[in-house]
Amino acid sequence: MSHSGGPITYSGGAGVNTPGGHGLSGSLSHTPGIGGQGSVRGTVGLVNTPNHQASAWAQHDRNFDRHMHRLGPETNSAGLNYQHGSGGNAFVSGSKTPGFPSRGTVGGSAPIHTGRDSSLSVSGQTTFGHGMKPDHQVGLSYEKKF
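If you're matching positions, the sequence shown starts at 1 in the UniProt record's numbering and goes up one per residue.
Source of the hints: derived by calculation from the structure; they are not laboratory data.
Among these hints, one or two may not hold up.
[As the list claims (entries may be wrong)] Simulated restraints on C-beta separations:
hint, residue 1, residue 2, range
1, Tyr10, Pro111, 38 to 46 Å
2, Gly88, Val44, 37 to 45 Å
3, Gly87, Asn17, 30 to 38 Å
4, Val16, Phe146, 32 to 40 Å
5, Ser119, Pro50, 27 to 35 Å
6, Gly6, Phe146, 23 to 31 Å
7, Val122, Arg62, 18 to 26 Å
8, Ala58, Gly87, 41 to 49 Å
Glycine is no exception: its CB is placed at the ideal position from the N, C-alpha and C atoms.
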């Protein structure tokens with residue numbers, strides 16, 4: 001539950017994960033008089049070694065009206081995630097909402113410097129879809145521990 005001067009939103013979620021990287025989770029939120037949103041997600045661990053972790057996931061999202069009846073189309077998404085023991089990672093995902101263009105995202109990050117008390121990494125991602133201009137993002141992340 002959160003409150004910031006506007007309507008109160010009630011929300012909750014639950015999930016379970018196995019050491020092998022498999023999992024199932026769900027969440028639901030509702031703002032009385034306005035509406036809400038629900039999600040369910042499943043993950044399958046494909047590779048789980050000390051240096052390589054890969055997983056596939058699928059997710060279903062649904063909006064609800066103020067009476068918690070279905071509102072508008074649902075969104076279905078799926079993706080693959082990879083993480084290397086050195087800290088690098090990569091991902092690819094796609095989503096489809098009926099009546100809207102499909103969207104895809106591909107990206108990753110790689111450590112440039114990793115020290116005892118600091119690290120620097122570069123990351124990038126591109127989101128694309130039918131009829132839309134690709135959205136490219138690149139960033140640097142620096143962390144210093146005191």
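How the hints compare with the structure:
1. For the pair Tyr10 and Pro111, the supplied restraint of 38 to 46 Å holds, since their beta-carbon distance comes to about 40 Å.
2. The given range of 37 to 45 Å is broken by Gly88 and Val44, whose C-beta atoms sit roughly 21 Å from each other.
3. With their beta carbons about 21 Å apart, Gly87 and Asn17 fall outside the hinted range of 30 to 38 Å.
4. Judged by the Cβ atoms, the range 32 to 40 Å given for Val16 and Phe146 holds: they are separated by roughly 36 Å.
5. In this structure, Ser119 and Pro50 break the distance hint of 27 to 35 Å, their C-beta atoms being roughly 19 Å apart.
6. Remark: the range hint 23 to 31 Å for Gly6 to Phe146 is contradicted by a beta-carbon distance near 37 Å.
7. For Val122 and Arg62, the Cβ-Cβ distance of about 36 Å falls outside the hinted range of 18 to 26 Å, so the restraint is violated.
8. At roughly 26 Å, the beta carbons of Ala58 and Gly87 sit outside the given window of 41 to 49 Å.
The structure shown violates the earlier hints numbered 2, 3, 5, 6, 7, 8.
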